[in-house]
Amino acid sequence: MPLFSHPVPEAVVAYRAGVAIPAAQFLADVEQLADAFPPGRHVINVCADRYRFMVGFAASVRSGRVSLLPPTHTPEVVRHLAAFAPDVFCLTDGDCDIELPRMRYPDFAARPEGPACPWRVPEIAADSVVAYVFTSGSTGIPMPHRKTWGRLARCVLDGAARLGLDRPHAVLATVPPQHMYGFESSVLLPMLSGGRVCAEHPFYPADICALLEATARPRALVTTPIHLRALLASQRDVPQADLIISATAPLAQELAHESEVRFQARLLEIYGSTETGQLATRRTAGELEWRLWPHVRLALEDGRAWVRGGHLEQPTALCDEVEPTDAGHFRLQGRLADLVNIAGKRSSLAYLTHQLFSIEGVLDGAFFFPGESTADAFGVTRVAAAVVAPTLDAARIVEELRRRIDPVFLPRPLIMLERLPRNSTGKLPRQALQALLSGPHLRRA
Amino acid sequence: MSELAPTVHPIEPEARLVLELAELIVGALNLELPASQIDPDARLYGEGLGLDSIDILEIALVVSKQYGVQLRADDAENAQTFRSLRHLAEYIAAHRTK
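Protein chains in written order, with my numbering: chain B, 781 to 1225; chain V, 166 to 263.
Mixed in with the good hints there might be a few duds.
Anything over 10 Å on all C-beta distances counts as not near chain V; from chain B, calculated [to be verified]:
#1 Leu-783
#2 Asp-987
#3 His-1007
#4 Ala-1013
#5 Ser-1014
#6 Glu-1040
#7 Ala-1065
#8 Pro-1074
#9 Arg-1077
#10 Asp-1106
#11 Arg-1115
#12 Ala-1146
#13 Pro-1170
#14 Leu-1190
#15 Lys-1207
So the derived label-pair ranges between C-beta atoms look like this [said to hold, decoys possible]:
#16 Asp-239(V) / Ala-1097(B): 41 to 47 Å
#17 Glu-185(V) / Pro-902(B): 55 to 61 Å
#18 Val-1041(B) / Glu-197(V): 36 to 42 Å
#19 Gly-1089(B) / Gln-202(V): 53 to 59 Å
#20 Ala-258(V) / Pro-866(B): 38 to 44 Å
#21 Arg-181(V) / Ala-1097(B): 53 to 59 Å
#22 Asp-1017(B) / Glu-255(V): 25 to 31 Å
#23 Glu-185(V) / Trp-899(B): 23 to 29 Å
#24 His-1075(B) / Gln-231(V): 21 to 27 Å
#25 Pro-1104(B) / Asn-195(V): 36 to 42 Å
#26 Asn-195(V) / Ala-797(B): 51 to 57 Å
#27 Gly-1083(B) / Ala-258(V): 56 to 62 Å
#28 Gln-1113(B) / Glu-255(V): 47 to 53 Å
Simulated from the structure, these hints should not be mistaken for laboratory data. Heads up, the beta-carbon is just placed ideally off N, CA and C, and yes, glycines get one too.
The shape of chain V in the complex, shown without the other chains (with noise of 0.2 Å):
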């Protein structure tokens, strides 16, 4: 019974950002895992959650979307700029205008 007494402190918003993120990835890309499984803090590129540039083209288009954010980086050689979940949504966090 434990386990499913309330949490005591309410979800932060950023958490919640983090997995609403997660899941709006997971469905974009087909990814055969729950989005509540993605580690917020996993290299996002590569080794981690083993995204490659036309994932992260893809993420780019759900994230203007659904927030009105457009994801910027000075060089192609920087796009992993977004390192990490957490990092993306700090960035949607502070940008969006939906």
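The shape of chain B in the complex, shown without the other chains (with noise of 0.2 Å):
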């Protein structure tokens, strides 16, 4: 299967600041760099700019490199990693603090000129195993994804007839590439459906405003729901697209016709998961049930959600509850009950509560939802804690987990206690320990 799908070589692949970059140069930089590579066999690609990640990832499948992508660059996930692949370094464009050999993105202006690198477009064995996703798992330990090239083409293309993108669009996105629904929806499906990728990543409404304007249609916004209410609520005009997408929450149906309308665009959202990429599909403003991938069945078995088919190496289980309404379409419930979804940061209660025990001086200790009354203007709900540590005071708690769960994870509130409400079978029911949030202990971590 070819690295990339762009068939001549002034294909444009990429802008950067309104640049087009095309294939030929997208080639020559993937095969420098992919020969500039130290050793070793796993990268962790940091790269900010979308242009170079993608670089990176080519380059890494290119050497048979295999690309690892935590959920986070805490230092504890970080030492995990080395243990899992010693040989690992990290490729970077900025300033770095990850405690691994680092790689700095080279200064290919500086590339002499040469003849040109031949038009030969790599060709890729569909079972090269090309990155391991990683997901937080329940003991502590990242629980490693693997993914092959075949398979991710696979998902992003079947996937691209769903989105519509069979048609080449220019992506925006406002999410990092590093994480599963940025890697396949702003780096893979440019990749591999003859799009253009937008090197930037913008975060603040007006400069996601800016850049779209400035972007060749057709283009498409890749995005979340929380980007989505901040830039309807704070721009009184945003530019038109030709395509919107949202993943990692669930959007309202409301904001979903909002965005619409003003954008003057479709809105897809899309379901999927780490584990199992992305698998379905809805248009929001006007479905309820979402509509699977082709050739990806659904199935309920003692209780869980499985999917299997199409891309998908083995059944896998869904951490949602879903309810399948056909051969082809589902609903969706909510999530499993020690879930946790920050904006699409996954977790689990039990492995938040498991990092909270890790704490020298940490004698008991509970992470809890809050309830939904709690949720800020974004419709957030953060996780509350309680912990009993004689020895130790907040602050230094919250420092001692932010070097080891990611910060949208810190509890808010952190509640001091004595003793933790525990019942006579040593059970922490959910009621006593959100009365604790009205209790006179209140500390904000």
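Assemble the dimeric complex from its two separately framed chains, guided by the hints.
Put into structure tokens, the structure is as follows:
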């Protein structure tokens, strides 16, 4: 299978600051970087510039290397990755405080003018393992999920047909390329559908609008409900898009409808996970049911929903409660009780509590949901924690947690107690935990 | 009694804006601390006030509504441009339309 699908050397693969980067340059950058890599076979690609990330990933694939995509880069996670792959190195294009051997993204502008690299798009064996994408796992050790080139490509191409992206689009994304959604929708999708990647990663609504406006059409915006809400609430005028893709958290129908009207574009929501890749889509403004990727099948077994077929290597259980409505559609009912999803970052109460217990001086403790009424303006509900640690103060505990878990999971609030409200069987009733939030112990993490 | 004596110097406009902003942020983010306790020079992002990118987007939203100022950064990596409350206040003072 080809490394990318742009048919001719002049085809545009990316834009940076509005300047087109042709496929010939992309190929030359990939070949040069592949030759410059250190000997290690595993790469953590933290390039912030999406074009450089794409070159780094393609060069890794090209040279038979494997990319590691962890959910976060806390020192604890990095330590586990180094144990998983002792030869791992970090490819970076900016400031990087990850404690691993580093390779700086080279300055290709300094490339000597030589004979142009011949136009030969590398063929990659479908069964090559090209990435491990990690979930946080339940015991404190990140769980690797193996991705082969063929299955990653099949997922993205099956999806492109569903999303109407068989006609190449320019893709501007507000999500990083290092997480599964951004990796698939803002890197693999344009790479494999002849599309064009916008190198920038805009953050503020005004920046997103300015870049979208400057991007050649047809153009797609790959984003999240949080960014959409901020965009629509703060901008009087938004540029026309040709497609909006949203994922990471459920999108309210009203927000989907308003987005379609104001961007004058279809909005398609994607359902997927790190383990399975993207699986289904729906036009949220008018549809409740999710439509599965072609060839992916869904079935309930022992109370869990399992998907198989299509790009999936093996049957995989979903982390959500779903109700199949026919062979190709389902409804989403909610997440499984223990799971936490904050802005597309996933964890579980069990995992977070495990991390809390790993702090020296913590005698007892628990993470819990503070209840939906505490959601903020964007509808995001954080997690709270109660801790018994007589020798530590709250600031110290937060500092230790920051080393172990992604900052979005830091407890709000963190409640310091003499003992937890355990019942006679040692369990912590959710009500008793939530009652702590109105108590006198409140201290913000 | 001396604590209640009127201040000799009026509060500088910048200090007033810093406090006003702190109150807006505390309200928007449901922070459980009084606005007056936020150190104007503490880092907003990461350690310091402990905010993350979702919070920063919320701040961008309230700032656009309250002052008509659109926050900008050349890249998500640099979204910490507004490293402290004081820095944010200076930016708003220079760009406000409301």
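Structure-based check of each hint:
no., hint, in the structure
1, Leu-783, "holds (27 Å)"
2, Asp-987, "violated (6 Å)"
3, His-1007, "violated (7 Å)"
4, Ala-1013, "violated (6 Å)"
5, Ser-1014, "violated (4 Å)"
6, Glu-1040, "holds (21 Å)"
7, Ala-1065, "holds (22 Å)"
8, Pro-1074, "holds (34 Å)"
9, Arg-1077, "holds (35 Å)"
10, Asp-1106, "holds (36 Å)"
11, Arg-1115, "holds (18 Å)"
12, Ala-1146, "holds (19 Å)"
13, Pro-1170, "holds (22 Å)"
14, Leu-1190, "violated (7 Å)"
15, Lys-1207, "holds (27 Å)"
16, Asp-239(V) / Ala-1097(B): 41 to 47 Å, "holds (42 Å)"
17, Glu-185(V) / Pro-902(B): 55 to 61 Å, "holds (58 Å)"
18, Val-1041(B) / Glu-197(V): 36 to 42 Å, "holds (38 Å)"
19, Gly-1089(B) / Gln-202(V): 53 to 59 Å, "holds (56 Å)"
20, Ala-258(V) / Pro-866(B): 38 to 44 Å, "violated (52 Å)"
21, Arg-181(V) / Ala-1097(B): 53 to 59 Å, "holds (56 Å)"
22, Asp-1017(B) / Glu-255(V): 25 to 31 Å, "holds (27 Å)"
23, Glu-185(V) / Trp-899(B): 23 to 29 Å, "violated (60 Å)"
24, His-1075(B) / Gln-231(V): 21 to 27 Å, "violated (51 Å)"
25, Pro-1104(B) / Asn-195(V): 36 to 42 Å, "holds (38 Å)"
26, Asn-195(V) / Ala-797(B): 51 to 57 Å, "violated (38 Å)"
27, Gly-1083(B) / Ala-258(V): 56 to 62 Å, "holds (58 Å)"
28, Gln-1113(B) / Glu-255(V): 47 to 53 Å, "holds (48 Å)"
Checked against the numbered hints listed earlier, the structure breaks hints 2, 3, 4, 5, 14, 20, 23, 24 and 26; every other hint is satisfied.
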